[in-house]
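Build the full structure now, drawing on both the sequences and the hints.
So the chains spell out like this:
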Amino acid sequence: MIHLANIDKYYDSRFQRTFVLKDINLKVNEGEFVSIMGPSGSGKSTLLNIIGLLDQPSAGDYQLDGQSMLNLREKEVVGFLRNFMGFIFQAYHLIEEMTVYENIETPLIYKGVKSKDRQAMIADLLDRFNMVAKKELFPTQLSGGQQQLVGIARAIVGKPRLLLADEPTGNLHSGQGEMIMETLRALNREGMTIVQVTHNEKFAGYGSRIIRLEDGYIRSDQPALTTERIA
Amino acid sequence: MKNFATFLRIALRYLWRSRTYSLLNFVCLAFGISCSIGALLYLSNQLGHDRFHVNRDRLFQVDAYVAYFNGDQFPKEYLSAALAGKIVSEAPEIASVTRITGTDFSLVDGPRALETKAIYVDDSFFDLFTYPFLDGLLHRPHLESNTVLITRDLAQRWFGTTDCIGKSLLLQEGKMQHLMNVEGILKDQPQPATLRFDMVLPYRDFLAANPWSEEIGSTATETWILLRNRDDARRVESRIRDLIKNQESTLNQQLFLFPLNEKGIYGYANGHRIWKEMQRIFLVGSIGLAILLIACFNFINLAMAVNFKRFREAGIRKVAGAGKRTIVIQFLSETFLLVFISLLGALSLVHLFLPGFNTRFGTAIRLDWEDPLMVAFLVVVVLFTTLVSGMMPALFLASTRPVHTLKGTVVQTQNYSIFRQGLIVFQFVIPIVLLVWLLTIRVQDRYIANYDLGFDKEQMVIWELTDPIRAHAGGFKADLKSIPGIHSISFTNCIPSRGTRVTNDVGWEGKDASEKLHFWCVSTDGDYDKVTGLRIREGRFFNPAFPTDSACYLVNDVAALVMKLKKPIGSQITVEGRKGMILGTFSDFHALDLAGPYVPTLIRLDPLKANSLMIRLDPGVPYASINRQMQQVYAKYEPTGGVQPNLMSSLPDYSDLKTPSSLVGIASFLAILLACMGFYGLSSFTAESRTKEIGIRKVNGAGTASILGLLLRNYSKWVLIAFLIALPIAVALSLVFLGRFYFHAPLPLWVFVAAPLMAYLTAIATVMAHAWRTAVRNPADALRWE
Ligand SMILES: Nc1ncnc2c1ncn2[C@@H]1O[C@H](COP(=O)(O)OP(=O)(O)O)[C@@H](O)[C@H]1O
Ligand SMILES: [Mg+2]
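Chains as they are written, first to last, in the working numbering: chain P, 1 to 231; chain Y, 232 to 1017.
Among the hints, erroneous ones may be present.
Said to hold, decoys possible - Below, computed lysine-lysine pairings styled on BS3-like, alpha-carbon distance capped at 30 Å: (1) Lys555/Y <-> Lys159/P; (2) Lys75/P <-> Lys555/Y; (3) Lys712/Y <-> Lys761/Y; (4) Lys111/P <-> Lys540/Y; (5) Lys134/P <-> Lys540/Y; (6) Lys540/Y <-> Lys638/Y; (7) Lys116/P <-> Lys555/Y; (8) Lys135/P <-> Lys638/Y; (9) Lys742/Y <-> Lys708/Y; (10) Lys135/P <-> Lys540/Y; (11) Lys202/P <-> Lys638/Y; (12) Lys114/P <-> Lys555/Y; (13) Lys27/P <-> Lys159/P; (14) Lys159/P <-> Lys638/Y; (15) Lys134/P <-> Lys159/P; (16) Lys555/Y <-> Lys111/P; (17) Lys712/Y <-> Lys135/P; (18) Lys22/P <-> Lys638/Y.
What the hints assert, rightly or not - Label-pair ranges, simulated between beta-carbon atoms: (19) Gln56/P <-> Ser564/Y: 25 to 33 Å; (20) Tyr217/P <-> Ser564/Y: 26 to 34 Å; (21) Leu575/Y <-> Asp124/P: 41 to 49 Å; (22) Arg632/Y <-> Asp124/P: 29 to 37 Å; (23) Tyr217/P <-> Trp1003/Y: 52 to 60 Å; (24) Ile960/Y <-> Asp215/P: 54 to 62 Å; (25) Tyr217/P <-> Arg244/Y: 44 to 52 Å.
Hints in this document: simulated from the structure, not taken from any laboratory.
All C-beta atoms in this analysis are idealised placements derived from N, C-alpha and C, irrespective of residue type, glycine included.
Here it is, written out as structure tokens:
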């Protein structure tokens, strides 16, 4: 599904060119669950953002389902964001003035889903995440783990094919982190392709494949054997 | 529908979360919008006069240009009553003509009296002006002698009922009384209107009482015409232009047409249409717009400051699939919501302040919901305000890239902050310019009030004459004279700077026969020089000891100049048929107000033409004590009570700067208030967002004073730049304003210091509280927030 070829990402300052990503070649197939690891500043978020069309590569080729993602018009990007991808962030990034329900509803409104259908879709998700009683609460009234569940619910409510998660457990203690990872694994088993960034070896093991970045290079790209054993 | 409810709910939550800013924005916008509504109401009131006349576009007043001694041409509205007939026979394009002469009458009924305005008109008046009648009277009434039409308002006030046809009215004019029969009742005319009257009388009655009015060149009547076709105005004008001159070549007057449409807005002088009221209309309009703009800019500034917290939200929405346009629309809708709420506030404000405004400026403005123009204007104002205020912040938000905003660090681009600082600067430019202007008006007002006319206005008593006093002038004057503390007394028709009679019937040796110059003619007695401190240049003033002086004249230097007299003293001149010698010349004498130049002026010994008494008190003598003694003398000669004397300094000012002064005053007050509100919001925001930085500085040893200095320096910079931009505009404005007065104060340099200083101090005072709180805050508190 994802095909990155010779991707470079650099920033030009006055005197020098700083490479954040250098010659990245990566294929992710439909249904995979990929974990990206690496030290801070190694370019993990940048890579994820490029995949998610939030950022453009400086050089190289990016194809999604065989379609080039270079030089897309703004409208086309919006289309992909609406229909193809869901995002989960370390900082949850819920809108504080909106209730749990309204937060989850936002992408559906942009997709143009009818009010009746929205209600049904959100109700399903709330049920699944055991949050029916919390739908009228505001994000600040929830625990971190619950907020991230809402974040996931918002990311998947539009049934995206690709879920991108940037350190989804970074702000959570390990109990809640595990719950989030279980949720992701379940989603993956239902067929959703997932790319996550994580610092946690154990959580990386929830994926089927681990990519290690260092200074913008892919240092290794291996199946996650350890997790299979844990699982 | 549900989407809208969701939007509304969330928008209100946002307004509530940042309620301080919302409130500030609401107040500013409400003020700004109410100012623009007020300005529009005022404008439509001024521009919409006489709308109710069906023939409005085809109605013209026939006026004459009169040449002034220095070549200027001024309009004259009142012309000979014989002119109307001649004009019609000259120009077949004229459908109808009417003469209108206004007179003030008292209605009397035993002890009851009521002042009224009447107009004498020809029957054709009602062909030109379409006034509605209260009941089924003919559309074109024929007014017999001694019949009268009255307005419903007068009927109510005098008879207490509109059922008064056939009743009689007793009109008093001086000593004359006329008994009139009420023939019909007119509906009150919608305001504002050019012609103001309470009753309509037949023109034949005016002619009968004033046979002189048909003489050539007399000043008797307004003449109004109705054209068959409005485009014929130029042609008619050229046909009648020289009608007066052709009749009497010495009358150097040219007729022209003054459209009813332009009455109350424009004036005419020197053959051109000039702005008169239009100046004020323009002034009010631009002030209204300026204040609305300040409010909008406040909004932009505050919105951008507050929205900085919302960049993240915009980023989230984009990631969730919102397009740029969706985000712009969302934020614009929120702005619209606030603007709409502010509109409601503004309407309440207008409602609240309109009565006071009307009383203050003598207008009859009201909010008319049935006026489609008004409703359209409100819609336009709301959209304009929404777009101007909301567009920029919305675009900034919508153009954020999620990669940046979602990282948590907000990248404030350079453009963004320069743009905002530009707005702050602009917000201060307007109040500074307005303040300079206000102070300049005040300076000129004081200049005129304190202008040295040759005597102390505080020690000058003006007493209007009544018939009993005129009849015993000599005795009254002698009795007053015996009161100690009175310096001198003079009967006169000219209180310096307040105008006098004009004549063009002046002849002198070597006069070009075609010349028809105007002279201002002071009629007085032999003490006028002592009372007014007249500056004699050559020769002498009248001396009662020489009886021949009564046939002599004094002229001022300007008169001598226009008469081209080489040796004025001893020259013979003829004024209105009376020939006499020039005894002396004088200078620096203001017969007219200070707005214009010195005019050619004559003084002659003719106390019978006087209408006032000028009494000059000795320096330091209190008016109150003298007044008591004067009243005792007065009571002897004027048993009916007469009129009260006035100190000259307490007479209303001749050049009316009160209205512009209070208009600009209100405007600068509002402008500075709004600018400061914006400043306040911004400073509270800055204080909030710089908490950490300042905490770190303090941990590193910065004292309260240096932090305070740091914050204030930043604010001062903006006001300083605003001042630099405002300076040339303000100088130009002041010069133009002062230039309108022939005698004016020099450009007051101190106002260019005082106005910005006022703006600066007010601005600093508003941000001081925040700056202080920020500066003294315990750094541990500030840093703990992280
Ligand atoms: N706009 C930018 N300009 C310059 N350098 C940037 C910019 N954005 C990110 N970087 C740099 O790119 C590198 C990689 O960033 P990031 O992808 O966020 O790393 P990670 O997520 O692996 O911690 C960092 O060193 C960061 O400083
Ligand atoms: Mg990162």
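Here's how the hints hold up against the structure:
Taken as a hint, the Lys555/Y and Lys159/P pair is honoured in the structure, with Cα atoms around 22 Å apart against an allowance of 30 Å. Of the pairs offered as hints, the one joining Lys75/P and Lys555/Y holds, with about 9 Å between alpha carbons and a cut-off of 30 Å not exceeded. Straight-line distance between C-alpha atoms of Lys712/Y and Lys761/Y comes to about 13 Å, which keeps the hinted pair within the 30 Å bound. Our distance criterion of 30 Å between C-alpha atoms is met by Lys111/P and Lys540/Y, whose separation comes to about 25 Å.
The hinted pair formed by Lys134/P and Lys540/Y meets the criterion: a straight-line CA distance of about 25 Å does not exceed 30 Å. Between the alpha carbons of Lys540/Y and Lys638/Y the distance comes to roughly 13 Å, so the proposed pair stays at or under 30 Å and holds. For the proposed pair Lys116/P and Lys555/Y, the alpha carbon gap of about 26 Å is at most 30 Å, so the pair holds. This hinted pair checks out: Lys135/P and Lys638/Y have alpha carbons roughly 27 Å apart, not beyond 30 Å.
A threshold of 30 Å between alpha carbons decides the hint, and for Lys742/Y with Lys708/Y the separation of about 39 Å lies outside it, so the pair is violated. Proximity of Lys135/P to Lys540/Y is assessed by CA-CA distance (about 24 Å); at most 30 Å being required, the pair is judged to hold. Among the hinted pairs, Lys202/P with Lys638/Y is consistent with the structure: their alpha-carbon atoms are about 25 Å apart, no more than 30 Å. For the suggested pair Lys114/P and Lys555/Y, the alpha carbons sit about 21 Å apart, so the restraint of at most 30 Å is met.
Restraint check for Lys27/P and Lys159/P: satisfied, since their Cα atoms lie roughly 22 Å apart, inside the 30 Å limit. Proposed proximity of Lys159/P and Lys638/Y is supported: the alpha carbons are some 25 Å apart, at most 30 Å. The straight-line distance between the Cα atoms of Lys134/P and Lys159/P is roughly 22 Å, inside the 30 Å bound, and the hint therefore holds. Between Lys555/Y and Lys111/P the alpha-carbon distance is near 14 Å, which keeps this suggested pair within the 30 Å criterion.
Distance restraint check for Lys712/Y and Lys135/P: the Cα-Cα separation of roughly 98 Å exceeds the 30 Å cut-off, and the hinted pair is therefore not satisfied. This hinted pair checks out: Lys22/P and Lys638/Y have alpha carbons roughly 22 Å apart, not beyond 30 Å. Range check, Gln56/P to Ser564/Y: about 31 Å between beta-carbon atoms, so the 25 to 33 Å window is met. A C-beta distance of roughly 47 Å is found between Tyr217/P and Ser564/Y, which places it outside the suggested range of 26 to 34 Å.
As the Cβ distance of Leu575/Y to Asp124/P is approximately 42 Å, the hint placing it in 41 to 49 Å holds. Checking the proposed 29 to 37 Å range against Arg632/Y and Asp124/P shows it holds: the Cβ atoms sit about 32 Å from each other. The hint said 52 to 60 Å for the Cβ distance between Tyr217/P and Trp1003/Y, and at roughly 54 Å that hint holds. The hinted window of 54 to 62 Å between Ile960/Y and Asp215/P holds, with their beta carbons roughly 58 Å apart.
A hinted range of 44 to 52 Å for the beta carbons of Tyr217/P and Arg244/Y is consistent with their spacing of about 46 Å.
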